[in-house]
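Visitor: Protein chains in written order, with this note's numbering: chain G, 57 to 327; chain A, 108 to 491.
Please keep in mind that the hints were generated in silico from the structure rather than gathered at the bench.
Heads up, the beta-carbon is just placed ideally off N, CA and C, and yes, glycines get one too.
Check the hints yourself; a few may be wrong.
As the list claims (entries may be wrong) - Quick list of simulated restraints, FRET-style, between CB atoms: (1) A:G258 with G:E134: 46 to 54 Å; (2) G:K130 with A:S109: 53 to 61 Å; (3) A:P261 with G:S118: 33 to 41 Å; (4) G:K84 with A:C221: 51 to 59 Å; (5) G:P83 with A:N125: 32 to 40 Å; (6) A:R392 with G:Q103: 42 to 50 Å; (7) G:G94 with A:R128: 45 to 53 Å; (8) G:R107 with A:T302: 42 to 50 Å; (9) A:N125 with G:S118: 18 to 26 Å; (10) A:E190 with G:R107: 37 to 45 Å; (11) G:E134 with A:S252: 53 to 61 Å; (12) G:E134 with A:L136: 23 to 31 Å; (13) A:D281 with G:E106: 25 to 33 Å; (14) A:R349 with G:Q123: 46 to 54 Å.
As the list claims (entries may be wrong) - Below, computed lysine-lysine pairings styled on DSS-like, alpha-carbon distance capped at 27 Å: (15) A:K218 with G:K101; (16) A:K270 with G:K95; (17) A:K155 with A:K134; (18) A:K155 with G:K130; (19) A:K181 with A:K191; (20) A:K218 with A:K155; (21) A:K181 with A:K264; (22) A:K114 with G:K101; (23) A:K270 with A:K181; (24) G:K117 with A:K134; (25) G:K84 with G:K101; (26) A:K218 with A:K159; (27) G:K130 with A:K264; (28) G:K130 with A:K218; (29) G:K95 with A:K114; (30) A:K191 with A:K155.
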Amino acid sequence: MAESYRVVATAKSGCSSSVPSLPPPCPKSPPEYPDLYGKRREMAKVQMLEREIGFLEEELKSVDSLQPASRCCKEVTEFVVANPDPLMPTNRKNRRSCRFWKWLCGIPCFNFSWICCCCYSGCSLRIHLPRCCDCNCNCDPCDLCNCCSCIRCPAPNWRCCSCRSCCPFPCSCSCCCPCSCSCPCSCSCPRSSCCRNISCCSDCCTCGFPSCPDCSCCRCSFPECSCCTWLCCCPRWTFSAPKCPKSPKCPEVRLCSNCTKTCCNPCCLFF
Amino acid sequence: MSVAELKARHVAATETVNSLRERLQQKRLLLLDTDDLIEVVAVAGYAKAHGKSSVSFGATDLVCCRTLQGHTGKVYSLDWTPEKNRIVSASQDGRLIVWNALTSQKTHAIKLPCAWVMTCAFSPTGQFVACGGLDSVCSIFNLNSPSDKDGNLPESKMLSGHKGYVSSCQYVPDEDTHLITSSGDHTCVLWDITTGLRTSVFGGEFQSGHTADVLSVSINGSNSRMFVSGSCDSTARLWDTRVASRAVRTFHGHEGDVNTVKFFPDGNRFGTGSDDGTCRLFDIRTGHQLQEYYQQHSDDEVRHVTSIAFSISGRLLFAGYSNGDCYVWDTLLAQVVLNLGSLQNSHESRISCLGLSADGSALCTGSYDTNLKIWAFGGHRKVI
C-alpha cells in the first residue's frame, strides 16, 4: 500500500504530461492478519491429541500381556478375607458360641477381661488380642468397647468414670459422659464451666471461642447485642462492637469446560 | 499449516483417539473372564463362585456413638489424624474445627481468611492442618502456634500457584513437608511446604492430563509415589510423582463427574464415586474395572456419589450420596448391606464427606446438616 501511495505522490509533484495518469487510489480493506494465538492453541491441542494417540497405541500393545481380571479378583478376595475388620459384624455361628462368653462377661472382668473384650467386639473363633482396653486402663479406644471395668488409669490425674472409661484431660473434667451413663459434670479447670453436663468449655464465656455445643455460655459486653454461635452480633450503631459475619460474595470461578451442570461450579455448593 | 487444516487434523485426531479407546475397551472386556461381559461384575462373580457369603448387619451393629456439633454451616470435608483420635473438619461457615473424637470436645476453631473452604487435611504428625477452596490457595496452620491478638490462629504457609479453586488436598504419608492438591484448573500439584513452591504439576494446558476440573485425590498408602485423581472429565487418572508429564494410566467408564477417589487398603486397587450414581473398583496395574456398585431405584432421581471410604480390610465400602443416603456396600458381593442414612440418629441432610479412623474402628461422616457423626461397631451399646 505504501508503494502505491509513493507512486501517486511522485506523479503529483512531477506534474508532467509525460507521466501516465494513474487511477485514483482505491482504499482496500486491511489485510487479514493471521490469528497467531488461536493457531498456536489449535496446534497445541492437535499435539496433545497426537500424543494421546501414541499413549493409546502403546497401551493397546501392552493389553495382551495383562493378567486376566480373575487374578485381580482373587487378590482382592484373599486380601479382604485375610485382614480383620473392627467394623464387620460377627457371623451367627460365632454369636452362638459367644453366648457362654457373654454370660461370663456379665461378671466383672478382671484377669479375663481380654476375653470379654474379644467377645463384645465380635471376635471370631480365633481369639486374638483385641484392640479394646485390657482393663489396665489402656483406655484410649476403651469407650468404644463395652467390656472392661476400669480399675486404674495410666496417669495419676486421670479418673475412672462410672461409665467405665478414663478421662484423659488433666483438668479431670468428668467428660466421659459420651458413655450412656450419667456422669456429673464437674470441672476443676480454671475459667471453665459445664455446658449442659456434656462437656467442659474452657473460656466458654468468651464470645468467639466455640468450645460449647451451643451459645449458652456466650456473654456479650454490650446489652444491645445478642449471641450468634461464635460472636456477639450487635446493631450497627453500637460503637466498636463486632458485627455478625456476613455471607461472603461468591467469587467468580471458571466453569468446567465440558461441564453441563452447575455442580462443576463449586459456588453452587455454597447455596 | 493453516488454521483450517489444523482444525481438520484436530477432528481426525479426535476420531482416532475415540476409536483407539473403543478398541482398548473391547480388548479389556475380553480379559474379564470371570462372569457376564455386559455388566462389570468381576469381583462379585468371582466371590459368589467361591462361596463367599454376604455381610449381614444387625440392628445395632453399626451405631452412631458421637455427634459433633459446632459448625454453623454445611460441612464439606473432614480428615482424621493418622495416630490419634482427632478430626479436622471444614465448613461453609468459614472455619476449621479440630475435634477430639472420643470426648467430642473441640480443641481448635480456626477462622479462615477465605470463608469458601472446600477441603481440609491433617498432617501425618497431627501438628498441621491444610485447607483450600475458592481462593485457589492451600493454607497451612500450625496447631501449636499461639493465636494472634484477635484469638485467630495465623497461617503458617500459603501455597499459591493454582489458577483455579482447590478442591482436595492430602499430605504425603509420613511427610509433614509435602502435600498434593487437586484443582479446578485441571491440574494436581505436589507442593514442598517448606519452600512454598510447586515441586511438580500434573496435567495442565500443554501436558497430557485431565481435561476438566479435578475434584479429588487419593495417595497410595503402600506406595506414596502413586496417587489417583478424579475429575469432571469423567475419568480417574493414576500418577507417578516422578513423572509429571503424563498420567500412568487413565481409567474410563464413568458417565459423569468423578467426585471422589480412594485407594483400596491393599494399594493395588482404588475406588471411585461419580455423578452417574455408581461407585467402581479399578485395578491400577492392569487398568481393569473390577466391579461396579450401583443400586437401581424405582424413581428417576439420579443420586450422585459425593464421598467414599473403604473399611480397613476392604470388605466394606462406605458411600455417601447427594440424597442423604450412606450405603455400606459389601465390596466382594456388590450388595448394599446397610444404609446409615436410614438409621436412628442419622444425618438430616446430604452426607458430603466420609473418613475412617486410622485403626479402622470408627467412621466419621460430615453432612450439610452442619454436624459430624462418628459410627462404630455397636454391639449392645446404647445410641447416644
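Visitor: Failing hints, ascending?
Guide: Of the numbered hints given earlier, those the structure breaks are 3, 5, 6, 7, 8, 11, 13, 14, 15, 20, 25, 26, 27, 28 and 30, listed in rising order.
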